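Chemist: If you want the building blocks of each chain, they are given just below.
Protein chains: 4
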Amino acid sequence: MMSGNLNFEVSRLGECTIPSPMRGVRFVGDEEHVLFNSDLNSIRRYLDAGNEPPRFETAGPREKIFFDPSKLACGIVTCGGLCPGLNDVIRAIVLSLHHHYGVRTIYGFPYGYEGLAPKHGHQPIMLNPQVVAQINEMGGTMLGSSRGNQDVSIMVDTLERMGIGVLFCIGGDGTQRGALDISEEAGKRGLKLSVIGIPKTIDNDVSYVQKTFGFETAVSEAKKATHAAHSEAAGARNGIGLVKLMGRDSGFIAAYSVLVDSQVTFCLIPEVPFALGGLLGALKKRLEQRSHAVIVVAEGAGQELFEASGERDASGNIKYGDIGTYLRDAIRDYFRRIGMEINLKYIDPSYMIRSQPANPHDSAFCLLMGHNAVHAGMAGRTGMIVGFWNHQFTHVPIPLAVSTRKKIDPTGWVWSSVLASTGQPAVMK
Amino acid sequence: MMSGNLNFEVSRLGECTIPSPMRGVRFVGDEEHVLFNSDLNSIRRYLDAGNEPPRFETAGPREKIFFDPSKLACGIVTCGGLCPGLNDVIRAIVLSLHHHYGVRTIYGFPYGYEGLAPKHGHQPIMLNPQVVAQINEMGGTMLGSSRGNQDVSIMVDTLERMGIGVLFCIGGDGTQRGALDISEEAGKRGLKLSVIGIPKTIDNDVSYVQKTFGFETAVSEAKKATHAAHSEAAGARNGIGLVKLMGRDSGFIAAYSVLVDSQVTFCLIPEVPFALGGLLGALKKRLEQRSHAVIVVAEGAGQELFEASGERDASGNIKYGDIGTYLRDAIRDYFRRIGMEINLKYIDPSYMIRSQPANPHDSAFCLLMGHNAVHAGMAGRTGMIVGFWNHQFTHVPIPLAVSTRKKIDPTGWVWSSVLASTGQPAVMK
Amino acid sequence: MMSGNLNFEVSRLGECTIPSPMRGVRFVGDEEHVLFNSDLNSIRRYLDAGNEPPRFETAGPREKIFFDPSKLACGIVTCGGLCPGLNDVIRAIVLSLHHHYGVRTIYGFPYGYEGLAPKHGHQPIMLNPQVVAQINEMGGTMLGSSRGNQDVSIMVDTLERMGIGVLFCIGGDGTQRGALDISEEAGKRGLKLSVIGIPKTIDNDVSYVQKTFGFETAVSEAKKATHAAHSEAAGARNGIGLVKLMGRDSGFIAAYSVLVDSQVTFCLIPEVPFALGGLLGALKKRLEQRSHAVIVVAEGAGQELFEASGERDASGNIKYGDIGTYLRDAIRDYFRRIGMEINLKYIDPSYMIRSQPANPHDSAFCLLMGHNAVHAGMAGRTGMIVGFWNHQFTHVPIPLAVSTRKKIDPTGWVWSSVLASTGQPAVMK
Amino acid sequence: MMSGNLNFEVSRLGECTIPSPMRGVRFVGDEEHVLFNSDLNSIRRYLDAGNEPPRFETAGPREKIFFDPSKLACGIVTCGGLCPGLNDVIRAIVLSLHHHYGVRTIYGFPYGYEGLAPKHGHQPIMLNPQVVAQINEMGGTMLGSSRGNQDVSIMVDTLERMGIGVLFCIGGDGTQRGALDISEEAGKRGLKLSVIGIPKTIDNDVSYVQKTFGFETAVSEAKKATHAAHSEAAGARNGIGLVKLMGRDSGFIAAYSVLVDSQVTFCLIPEVPFALGGLLGALKKRLEQRSHAVIVVAEGAGQELFEASGERDASGNIKYGDIGTYLRDAIRDYFRRIGMEINLKYIDPSYMIRSQPANPHDSAFCLLMGHNAVHAGMAGRTGMIVGFWNHQFTHVPIPLAVSTRKKIDPTGWVWSSVLASTGQPAVMK
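Residue numbers (our numbering), protein chains in the order written: chain A, 73 to 501; chain B, 73 to 501; chain C, 73 to 501; chain D, 73 to 501.
Keep in mind the hints are simulated off the structure, nothing from the lab. The structure presented is a predicted model; accordingly, all values stated were derived computationally and were not measured. One or more of the hints may lead you astray.
No distinction is drawn between identical chains; accordingly, a pair holds when it is met within one copy or between any pair of copies.
Unchecked claim - Restricting the straight-line Cα-Cα distance to at most 20 Å, the calculated cross-link-like pairs of lysine to aspartate or glutamate (EDC-like) are: (1) Lys191 / Glu413; (2) Lys191 / Glu360; (3) Lys501 / Asp405; (4) Lys264 / Glu232; (5) Lys479 / Asp140; (6) Lys501 / Asp120; (7) Lys479 / Asp120; (8) Lys501 / Glu103; (9) Lys501 / Glu343.
Take the sequences, apply the hints, and build the full model.
Modeler: Listed below in structure tokens is the structure:
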């Protein structure tokens, strides 16, 4: 999964020389780290070869910081699709900047990177503890969001003009690539601009980060959809409940929805290809035996069934075929053809899941995520995201973070538990 | 709304002669009733004309009953689409038959009226307090359901063969018409068969019944969809959240969803026609002013925008055009045409709403509903449904119940509160 | 329940002469009413005696109003204990005053009637749609509350000084008596002050009002406590879950909690006295048979077990003995004495129930409640509360409303359903 | 925290020789492990000293197993207080034994270790997938529980008599010590008995395990109590909401409840002693400034305020003073003494929290926990619990697991975030 020459080193704007205003806290030393590997053999291999084993810098407050809080202005943007916890993270950043460090100038840029491009005409919002007090009770993002990047040069012009010292970019892959561009452009101009990413992926698919915010909540909400699908399916003869869940490249939400609700009888994820005929045959068999079935399909599953269109959306992601409606129609056609009456109910709860507020435990995670982003920014780190690895918050260089996606291992334990629960054939050809 | 020559009289199988086994209860006398009208002028008009003002028989346990519980077999069917509380009603009927009257033979017929037609091959399920103990925690119906009626003669054959004395039919309009047919066919054959309906309409649109089970829960669940729509809309520039809710002929759920969530900015219901152009213009204006909007549309709204197809579904209902996807596409087309970029998110939560278990207060209502159905059946009433009128449970003859639908009055108080909350134009032409 | 010489007439400040600014609404005529009785015999008795049958004035907007909105100042107070929906009602009043009538000066008086007594030093809060936009998502009351009344003369001084035309008093019995005092004192002074009450009683015990806000939510929340009690009881040998619920004089919440959760095995309410020995004996028997039990006790139940202390709380209510801890100790003592090991878990969820936000359906009810309060105030009614009777909103004179409490009828249908569900002895002596 | 001579070695009953019936799974090799430390320096210290760094055996299915499933009988007990997820774990064990390995004889022993002592007369319950299908929707434990251990020799007699091969013990510290005793006694007798513990501690205080089931759910439920406390406090002049939460020795739930709800103004945990005077002074100050306060106190906090009684409960835990009611009374006394009127509402939600079903994400964790317990048992491990470390499931020898408790570090990051959120003085003397 991980090759030796990946760079775990996070960039720094310069020496930290200003004493932190935080009191009574155990500061994190710059040498503290979290090993990437958890088994001795991998580590020994590095050591025997005279190399340092790969490791993340440990996140947390530093005794000396880079920016003088009294002179610092910060900015926050939220980009891409909604995810539970966005408002929690915004709130955590504002509270930490204000209460931990005494920063008094915090701008929220509206509608993602658009907010940094003057042509869109969005006015920045002044943020403070009052403004963000209750926002975490609401889903969505109080700043608004948009997809895609803007011209880097223009965005950095804005940041320079407004005297921003730390920019917090909450978003997915594309957003973090944009954050890296901003960081590099600022570097070229000699600006002291720290760009700190907070990885937002409801799919939980960031490599080098074991847990991202919103995922727990999404799993909880997905249960409502699979329960509904089961009620509908069980309530009709040859009832089929078909639920499309999020998961473009990684089927974590779909797989966990099975671990949560054992009524699901088929789970389809991007990591495990299937043939339509294989699925339909297995479905027919299931109906004959039990007269109802519940199918969960991740949005990125079965893309091999579509011809590549090559189209991309505003975020630069390849446009996927809509596997949900495709399956819905294909299943109906098949059973019509073979003369078997079915009752299919199709449920697409995606917008209702991603627009929820974070559940309480997830919300606490967002708070700590946001705090650690602030500590990183105050310490002058840049071009990095905050990660979570082996139960500790970490600093992850953006190039490393976006280099690959985390996926479900089809031979691994999660998928094996899914198969045991659904009872579906391991291979559907 | 109500003409004087409607018949409020409920049919009886014969004289009640067997003492009720219930103890310590205030029995309801056969002369007890609930007046249909609540104002003196209407009542006086009847009295002055020498007529009895229309009134419902009061539901509840009778001191003498018609059936001997020790020899009685009963049956239950659930028909049509899912509705929160179906399992509660099944459970209430079983518990009351068992604990109040000592009935020991209760069949659940699977998949609606199909369960009464041998050709479908469904085996009846034996019901008792153990079997139904926890079913109310689950959505859907443990008996399964189907749409449409079966041949009356065949159904009555089955009931006759199985010696059913009371049949409980939980379902909507069509189901109750079927129940009436069964009751009449049984009457012709001289069978002592009591057919008791429990009105199931998530839309809360039964005339002569002020409240039906599932509606409270549906309103509560709809809030999740309008909240999601608002989060999505507010999270994007020119964001539009479009939510389709249940309501074929009556917009109660849609209207109440506005009373619950004041973020909704447009509410469209079947009772208030609108012109597409009027809506689009008002929507454009709203976006220009506030840059986001939330639209709630009842499934039966705007049917005047479609050409009549004349098709009917298995329940005999006219097939409606899909106003949700129609509006979604029409709105996108319009703004594309006028060159205004929007972000529309379409949410159809119907299956997730109707498959929920009843919320606790609704659940208590289902219990009382079911108990009163049993009392009516034990007293040998037939061809009636259990109603709720002026805070009391009532007996409503099926012909009366299905004669017209309850609708929102466009000049009345509910709709005026909706308009005040959304701020939408009263007329959109 | 109801004697013929009770006065259903609501006081009016004077003639309504100003045209309502509301548009497109069906206005309610002053002659419209809702009959108190729903059966013909009672009504005939009045008519035959040459009397008018008792009836409530129908609530709703009037075509002509008494106050000129452009010159009107209004005030709102919330008094007594918390109840789900308080913030909804505040919000509904503000929204209706603002949007329906164009009133621009609305004061919230902090901490109940204290806010009208200068010596407490509370500053009124200016209310408008912005301020109240999201308050209904939070439990409690944004205005704060206090128990008990203040000197009437001083309160009216304040109202006179501030030029208040309509005062909305949200609270229970004591509060409404205070409201009546204010109304009468204002009348004596010749002030044009409309005092409109909104009945707040989580116990749902106001006579002449069939439904009060917060009750539905309370029933829903109570289920969590009875579920918890059952899990605890079933999880231990001879486990007993004891839950104290609200209900000083009327056991509606306790009784409904049984209709909602059939795991409850004993329900104790103020309306049905019991002997301690009878309860303990029945409890022992139940444990011997099933080895666990769940008891729900309303706070006002079993007061005959205490010696009268004669003490009163700040609201003027008689101080009740704490039946919850009394039973907890008495049960433990008893089983210790007879040498039977039990596991009793005592749960008092009252504060967690009453501090919840209203659930969505309840919330819609609060909205309509608040709107109708505003209509009554604008029409110059005074000394009245808004009621709900036979599915319609009504005006109820305060003296009538506080004349008696609604209680559960021990021979009636609700209690009989409770007994059937718990299986407890009807009499426990 | 961790000394080099602790033993990470898990006992094995003997050689694994039977091929696992699981298919298509990646089996875990016996040499796979998870390093205890995550930093290179600690690891190097071990290596430089010629020692192996401490590490956990990795959990998961083995290619060869110890028991022949067709001849195997298994048993499950749940001990101690309730915790969300107990039923999930029972269910996961049953499903995995049945579906993964084909085991057909699974006994549930009722009421904890009592179920293994014949004198209590409890009959074992036969478990299979049908029986456990929906139990995870309910809180509590379907097996019942009890506190304390039974005579080891008698328990092993029972297991021997019934031919149990694997015993699963779900419980806390004391339970696991009992499990170890059973395992050792069985070893002395030469029985092939595998004893596998699943750590149950809602407090999340097991050392060597980073996450235990039920904690996420407890944090979510605790929010309802702190919200209620805030509504009550804010709703009254000088309102104080006092919430007692679980946490005998470790304040994780209390601390997380602050990270979740920033309305909490004081958090008291066992790890951070405080003087009563210091707290009261700070509370007075807070009331003077903001006129309300919310206090969260872990049940084990402030034990230094009580004189040691030396008493122990049935589980062998030292009986703690009731800090909740102590503080309630002390605060009331103090403010009465200084003549400042307050409104204190005391909320103890413990039973309502611990009796909840697990939330969905927690539920998935329970499933994986249970599966891994089964794999360990089938592989003939014994005297161990299933742990979770660095994102992987592990085997932890019981002596190691019970050697010390996990606590909040008062200089660490969690507590610093708590202080930042509450604004309470770091030291209250």
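Chemist: All the hints need checking, so say for each whether the structure fits it.
Modeler: Results of checking the hints against the structure:
Within a single copy, Lys191 and Glu413 get their C-alpha atoms only as close as 56 Å, which misses the 20 Å cut-off; across copies the closest is 15 Å, which meets it. Taking the shortest Cα distances, Lys191 and Glu360 sit within 20 Å of each other only across copies (17 Å), while inside one copy they are farther apart (60 Å). When the C-alpha separation of Lys501 and Asp405 is checked against a cutoff of 20 Å, the pair qualifies only within one copy, where the shortest distance is 19 Å, while the shortest distance between copies is 41 Å. Taking the shortest Cα distances, Lys264 and Glu232 sit within 20 Å of each other inside one copy (9 Å), while across copies they are farther apart (62 Å).
When the C-alpha separation of Lys479 and Asp140 is checked against a cutoff of 20 Å, the pair qualifies neither within a copy, at 41 Å, nor between copies, at 34 Å. For a Cα distance limit of 20 Å, the shortest separation of Lys501 from Asp120 qualifies neither inside one copy, at 45 Å, nor across copies, at 53 Å. In this assembly of identical chains, Lys479 and Asp120 lie within 20 Å of each other by CA distance neither inside one copy nor across copies; the values are 30 Å within and 36 Å between. In this homomeric assembly, Lys501 and Glu103 never come within 20 Å of each other (Cα to Cα): the closest approach is 52 Å inside a single copy and 35 Å across copies.
Taking identical chains as interchangeable, the C-alpha atoms of Lys501 and Glu343 lie at most 20 Å apart only when both belong to the same chain, with a minimum of 15 Å there against 51 Å between chains.
Of the hints listed earlier, those the structure fails to meet are numbers 5, 6, 7 and 8, in rising order.
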